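Trainee: Chains A and B are the protein sequences, given in the same order. The first sequence lines up with residues 1 to 122 when you count with this note's numbering. The second sequence lines up with residues 1001 to 1731 when you count with this note's numbering.
You can trust all of the hints, since none of them are fake.
For lysine-lysine, the following DSBU-like pairs were computed, each having C-alpha atoms within a straight-line distance of at most 30 Å:
hint : chain 1 : residue 1 : chain 2 : residue 2
1    : B       : K1334     : A       : K23
2    : A       : K69       : A       : K3
3    : A       : K69       : A       : K91
4    : A       : K41       : B       : K1334
5    : A       : K69       : A       : K46
6    : A       : K3        : A       : K46
Okay, the calculated bits of chain A under chain B, using three or more residues with CB under 8 Å as the criterion:
hint : region
7    : 14-21
8    : 72-79
9    : 92-101
10   : 107-113
These are computed hints drawn from the structure, not numbers from a lab. Quick caveat, the model's predicted, so the values are computed rather than measured. Built from N, CA and C at the ideal position, the CB exists for glycine as well.
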Amino acid sequence: MAKTILVVDDSSSVRQVVGIALKAAGYDIIEASDGRDALSKLTGQKVHLMISDVNMPNMDGITFVKEVKKLPAYKFTPIIMLTTESQDSKKLEGQAAGAKAWIVKPFQPAQMMAAVSKLIMP
Amino acid sequence: MDINLDSALQTYIVEARDLLHQMEEALLVLENDPNDSDTVDSLFRGAHTIKGSAGLFGLTPIVSFTHGVEDLLDRVRDATLNIDSALIALLLACTDHICELVDVVAERSASLDAQAVQRENALRERLMTYQVSTPTSPDTWVRQSVIDDSAVRAANLDWHISLRFGEQVYRNGMDPFSFLRYLNTLGEILHIVTTTTAMPALPEMDPESCYLGFDIRFRSAQTFETINEAFDFVRDDCAVHILSPRASLSEFAALLGQLPESRDHAERLLVESGSLLPGELDSVQSQLPTQPSPSTDLELPADPVQLRGDSAPQATAREQKSRESRYVRVHADKLEELINLVGELVIAGAGAKLLASYNPESELRDATAAVAELVEKTLDCALRMRMVPIGDTFSRFQRVVRDVSKELGKDIELEISGGETELDKTVVERIGDPLMHLIRNALDHGIEAPAVRQANGKQARGRLRLNAFHDAGNIVVEIIDDGRGLDRERILEKGRERNLVPAGATPSDSDIYNLIFEPGFSTAEAVTNLSGRGVGMDVVKRNITALRGSIDLDSRSGEGTTVRIRLPLTLAIIDGFLVGVGEAFYVIPLERVQECMELTSAANDAARRCGYIDLRGEVLPLLFMHDYFSIEEAGAGSRRQNVVVVHHLSKKIGLVVDELMGEYQTVIKPLGKLFGALHGFGGSSILGNGAIALILDIPALLTRLSEDSRACVSKSTTTSESLSVSQGQRS
Chain A
1 MAKTILVVDD SSSVRQVVGI ALKAAGYDII EASDGRDALS KLTGQKVHLM ISDVNMPNMD
61 GITFVKEVKK LPAYKFTPII MLTTESQDSK KLEGQAAGAK AWIVKPFQPA QMMAAVSKLI
121 MP
Chain B
1001 MDINLDSALQ TYIVEARDLL HQMEEALLVL ENDPNDSDTV DSLFRGAHTI KGSAGLFGLT
1061 PIVSFTHGVE DLLDRVRDAT LNIDSALIAL LLACTDHICE LVDVVAERSA SLDAQAVQRE
1121 NALRERLMTY QVSTPTSPDT WVRQSVIDDS AVRAANLDWH ISLRFGEQVY RNGMDPFSFL
1181 RYLNTLGEIL HIVTTTTAMP ALPEMDPESC YLGFDIRFRS AQTFETINEA FDFVRDDCAV
1241 HILSPRASLS EFAALLGQLP ESRDHAERLL VESGSLLPGE LDSVQSQLPT QPSPSTDLEL
1301 PADPVQLRGD SAPQATAREQ KSRESRYVRV HADKLEELIN LVGELVIAGA GAKLLASYNP
1361 ESELRDATAA VAELVEKTLD CALRMRMVPI GDTFSRFQRV VRDVSKELGK DIELEISGGE
1421 TELDKTVVER IGDPLMHLIR NALDHGIEAP AVRQANGKQA RGRLRLNAFH DAGNIVVEII
1481 DDGRGLDRER ILEKGRERNL VPAGATPSDS DIYNLIFEPG FSTAEAVTNL SGRGVGMDVV
1541 KRNITALRGS IDLDSRSGEG TTVRIRLPLT LAIIDGFLVG VGEAFYVIPL ERVQECMELT
1601 SAANDAARRC GYIDLRGEVL PLLFMHDYFS IEEAGAGSRR QNVVVVHHLS KKIGLVVDEL
1661 MGEYQTVIKP LGKLFGALHG FGGSSILGNG AIALILDIPA LLTRLSEDSR ACVSKSTTTS
1721 ESLSVSQGQR S
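All chains should be built: construct the whole structure from the sequences, respecting the hints.
Mentor: Given below as structure tokens:
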């Protein structure tokens, strides 16, 4: 069965690109537009990986990670943060919250696939 | 990977434009309230998203330019940079430029034109002036061994990698084995030894913690950096030691000192993994310090949060007021199709209802009535989907007002009200240009310079107001300024000069003011208030009329001018009034109908002779539709005839028709190209019984008629020209 990846980003074009790339690699995708939306979509189904932006309205990525870590069903799920080089402090904050992996924006789909394949196998 | 990102790119373009618009609004808000941190955040987020997404598509120009803007905003956010008007002006110029860059992408043109490139360079320089030299952040991870990469290409490609995973690894979502699998994609794991010495006694063991370590002999032609990168995500939770194929024995010796295991055990691991030969071990041992410094590598904090305790805790879920509500993006074409289909449904529904009305079975009638009701609701709903608040269009002018007033050295404030008033998106899109023209006129010529205003006892700050409200199925947009008003006398003078006002006649004030909408009327020297933008007011009027709207204005000398635009809510459907002329049907837009009355046969004869009737003491010219459209009388002339009084602006005319059929909700079907040359028709509609009704365009008809009558007067002929639409053409 295909593995499921939750993609959280307020930019629909990012979600689209990430989605296209991941689907092409055989993953199932759940999309969410911000942290709050993402939490509402975590309803107990198996999620193998989460990719989340940092800067989002309603609930930012750091808070989202902290919330995910409180959920027994998802606390072991790897999380990739989408950061930018100008946000080193955010990256550290994200790591402190429990998102140990990151991809620096802007990124090419291939870079993302490399990051994903470090964490899970299709 | 070959993936097609075209559709996503379209999404990006729309998204970027929206974000730029939001950023512009945010900047204007900040200009008044520089300390609004929520707005700063959303501004930053805008730039951030535009840049981030652009990178996905490899749009390097956008990424590189926006990067500078984002940096600047980041410092504004950190409050290391204060917002002042110069900064706002720069950022506004930057959003404009990003918009241009996005346009380049949208138009698929190769690159910016030379001017834009120049602008970009200038902007970059200005951005640079805000730049401070920040020390490059030190590499957080100190490399364990320094390798000469060129040496890797030597015959020996066997690396040694020691991994000691920390207890937190699983809790951080990491699976040690996925890293090993990934490592295998970079080369070949020749041998792997697992060490479990960190495993505590069973009672103390936490099944959620990781106690594993690995020593790996790894064959790969990759560089140190690439192999090292494989462990980027786990660096916090894992002590990684990588020894290159050319590592010296002293490096191995150093490694032995760093591994947490007892030296004997560590030595055994290295030998077992095959990285060290038993013979080499002796020489390594001789290089070992007698008292190895205690290793710190595995003393990972139980919770990494403690480590970063000093970094400011991210504001606990700064729950922004959910201004940014959620939408589903739908392609406009799809909506268009839906509305078209619903239009057809309305027609088909009307047909069914008509058939049912011939049928005595009441059940059938009930059923069709229920369907008709639902169809109507669906129609309303479909039309509402295309309704957008006019506020977005209004708020775009904040920027215009700001820029133009700065340029003119005036102090003008834009006040917006009724922004929530909704109207059809197609109307909104086409109202922008006329509004822009009117607003620029008001700024340029309406509102006086501060000194003049003060001299006239007004506040130095001028006020421009945009207002919108619903009024009887229309939306009214008002542009109100408190400037000097129109110069009545000069307009009248000019009107006389151009023969627009008959000599001796004294038209009403409003008639005079509305003269400026005449083609070619406004010239800079003639009218001081509204002129001088190259495009005349007649173009504004034409644009509005094309939207089936109307425009008029009111002005008081010294107090200001109010321009009022009246627009239909939607272009797809109108409330019509259906009339019958002979065998033909016509729909008159309901808002043009003033009243209906019977034309008695006695009055008819008189009216036919002179062409007008007495409407409560007013002269009402008549248009006999039979004659005008060359429709044969259906029966004898004895049938009752009716007059529908229609109006446009201050003109009125009575249309003489046979039958009044009442209000009729009309789905407009555009006329085909073949009928493009016809004046006086706004489209067609299909009636429930399948017959076609033409929709009369009253303003065009009135214009045509007054032209005709002028022509007739000059030619001294009495017969009116026909629009020559015969029955045959229509069916």
